[in-house]
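Chain B: place on chain A using the hints.
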Amino acid sequence: MEDNYIDIKHLSFAYDQRRPILKDISLTIPRRKVVAVMGGSGSGKTTLLRNICGQEKPQKNCGAIRVMGRDMMNIGRNDLYELRKKIGMLFQFGGLFSDMSVFDNVAFPLREHTQLSPEVINDIVLLKLQAVGLRGSAKLYPSELSGGMARRVALARAVVMDPQLILYDEPFAGLDPISLAITARLIRELNDALNATSIIVTHDIAESFQIVDYVYLMWQGDIVAQGTPAEMENSSLPYVRQFVDAKTDGPLPFHQPALPLGEEFQIGTALPHRNF
Amino acid sequence: MAPEVNKSASNRRDFTWHGAVRRLGWPLVEALFNIGLGTRFALMVLARSGLAWRRPRLVMLHLKHIGVYTLVIILVAGLFIGFVLGLQFYTLLERYGQQDLLSVGVALTLFRELGPVAAGLLFVGCACTSITAAIGLKKASEQIAAMEVMAVDPLARELAPRLLAGMIALPLLTVYFDIVGVLGSYLITVQQIGLDEGTFWAGIKGQVGFYEDFMQGIYKSIFFGFITVMIALYEGYFCVPTAEGVARATTRTVIKGSLAVLGANFVFTAFMVH
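One line per chain: the protein sequences are A and B, in this order.
Sequential numbering of the first sequence, starting at 1, is according to the numbering used here.
Sequential numbering of the second sequence, starting at 1001, is according to the numbering used here.
Bound-form chain A, shown alone (with noise of 0.2 Å):
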């Protein structure tokens, strides 16, 4: 097996072409590490996750996605489906079956995948609910879940294969204190106990900090820095300390290309000029 679990060459990609998400990136994963992928809203963190996991495909001749040494580029349905199985995912608002308990949405890969007795099965679940402190809800709905208790169960649901390589979109948002320490701790330790590979997709640089081993900064499409957590808090770079110490001034915008103001309301113009 290759060292880089995850190798992305010059990666570009746009939903619609006049607005690229990704621009040209290039990073690389080791195996049995943790880790972030940083940066502003809309930066293309999740577009990066969903490229990772095939479910956006980058057209022709835009780079080259390597994941487990399968060229994403050029995989076909059925050994997507053969490396999904090795892959575990945490969506950004859970994704849980809404027709379905806590029980059976984390039993819902296992019972796909395996031939495991219920009586197995019904033990992993337990666990895996156990250790994200949810077993005694396993007989609610999503429905009747809090968004916090409900990212906890998609957790427990993402690992419940134990998954060579998890992915994490946004898994502290909307989580207390408590549940936000525990689960930073628990995906630390569910790394090193399953030997896998893990990439977190967060803003919340305190707790990513304490956990991850190295960590992407991205900006609008691009990787502007990377290090580990004590480089990136050491680091003089504008865009990484404006980043890590949350300054409102610096290199990164805060406001989205747009007209310039006075052009938006039209300043100047007498209304009844005004061209509509």
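It is worth saying that the hints were derived from the structure and are not from the lab.
Treat the hints with caution; some may be incorrect.
Per the computed footprint, the stretches of chain A lying under chain B, defined by three or more beta-carbons under 8 Å from a beta-carbon of chain B, are [what the hints assert, rightly or not]:
#1 87-94
#2 105-112
In silico negatives: residues of chain B with every beta carbon more than 10 Å from chain A [claimed, not checked]:
#3 Trp1017
#4 Gly1025
#5 Trp1053
#6 Tyr1069
#7 Leu1075
#8 Leu1092
#9 Val1104
#10 Ala1145
#11 Ala1146
#12 Arg1157
#13 Gln1192
#14 Ile1218
#15 Lys1256
Partner residues aside, some chain B positions facing chain A, computed with beta carbon under 7 Å [unchecked claim]:
#16 Leu1101
#17 Gln1143
#18 Met1150
Predicted model only: the values in this text are computed from it and were never measured.
Ideal placement from N, C-alpha and C gives every residue a C-beta, glycine not left out.
The following block gives chain B in isolation, referenced to the frame of chain A:
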């Protein structure tokens, strides 16, 4: 200060002749694209329908959802339509002294045309809308995406069982509609107006064929079940994943489904008559 962008030239209206051709041609291209996409989608779901039998519990669950929950409206509507048919046929046939043929007229109308069409239209309004909404909401809340990432094919797991359930449910509902419609006609003409009970049932027994009349409607309803559920699945699966998008998809399901039932019924009848 926000970064500046240039005003896009594409936002301006193009009044040249090739602009006009583009505006006229685009809906045609879009329609052809949708037909191609819909056909490919239908073939993909059909290809997975055999696999759906590996999950008989799922098929039964959807059969319950889209069949049993539609049954009440089918029964009530069938009864009232039977009442009305009985009254109208009685009014018409009384003029010519041919009331003996009333039950035959009611049964043939129900079995051949009204049963499958009315049951199909009610099925679209009741079951197909719920299918579109369910699939659309699953898409909007990332449930379909989650299934795909877990290496579970949503076409096989979610869509194919619904298609099979719809193709089983609608013929059964049509049978119920036919039976209740004839009973409604019986109640209004025999029990209320006083037509002879023996003549009523003998007319149906003697003049209405099982294969050439009754089964004609059942064959139609199997096809209506396929086409309406397929439209519902397509609209749900390809809807814009927002509340507004799901609402619009549900409306499109009713429009396309109803028109498909009426149009297909005409084609079927034309073929069967000849």
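Here is how each hint holds up against the structure:
1. Under the rule that three or more residues need a Cβ within less than 8 Å of chain B, the assignment of the stretch 87-94 of chain A holds, with 6 such residues.
2. With a threshold of 8 Å between beta carbons, the proposed coverage of the stretch 105-112 of chain A by chain B holds, since 3 of its residues qualify and at least three are required.
3. Under the 10 Å C-beta cut-off, the non-interface status given to Trp1017 of chain B relative to chain A holds; the minimum distance is some 25 Å.
4. Every CB of chain A is more than 10 Å from the CB of Gly1025 of chain B (nearest about 20 Å), matching its label as outside the interface.
5. With a least beta-carbon separation of about 16 Å from chain A, Trp1053 of chain B lies farther than 10 Å from that chain, consistent with its non-interface assignment.
6. Distance to chain A confirms Tyr1069 of chain B as a non-interface residue, since its nearest Cβ pair spans about 14 Å, more than 10 Å.
7. For Leu1075 of chain B, the requirement that its beta carbon stay farther than 10 Å from each beta carbon of chain A is met, with the minimum near 26 Å.
8. For Leu1092 of chain B, the requirement that its beta carbon stay farther than 10 Å from each beta carbon of chain A is met, with the minimum near 50 Å.
9. Its beta-carbon lying about 46 Å from the closest one in chain A, Val1104 of chain B satisfies the requirement of being farther than 10 Å from that chain.
10. With a closest Cβ-Cβ approach of about 6 Å to chain A, Ala1145 of chain B is found to fall inside the 10 Å limit, against its non-interface label.
11. A beta-carbon of chain A is positioned within 10 Å of the beta-carbon of Ala1146 of chain B; the least distance is around 3 Å.
12. Distance to chain A contradicts Arg1157 of chain B as a non-interface residue, since its nearest Cβ pair spans about 8 Å, not more than 10 Å.
13. The non-interface label for Gln1192 of chain B is consistent with chain A: the shortest C-beta to C-beta separation is roughly 46 Å, beyond 10 Å.
14. No beta-carbon of chain A is positioned within 10 Å of the beta-carbon of Ile1218 of chain B; the least distance is around 31 Å.
15. Every CB of chain A is more than 10 Å from the CB of Lys1256 of chain B (nearest about 25 Å), matching its label as outside the interface.
16. Look at Leu1101 of chain B: its Cβ only gets to about 50 Å from chain A, farther than 7 Å, so that hint breaks.
17. The restraint placing Gln1143 of chain B at the interface with chain A holds, with a minimum CB-CB distance near 5 Å, inside the 7 Å limit.
18. Satisfaction of the interface hint for Met1150 of chain B is found here, the shortest Cβ-Cβ separation to chain A being roughly 5 Å, below the 7 Å cut-off.
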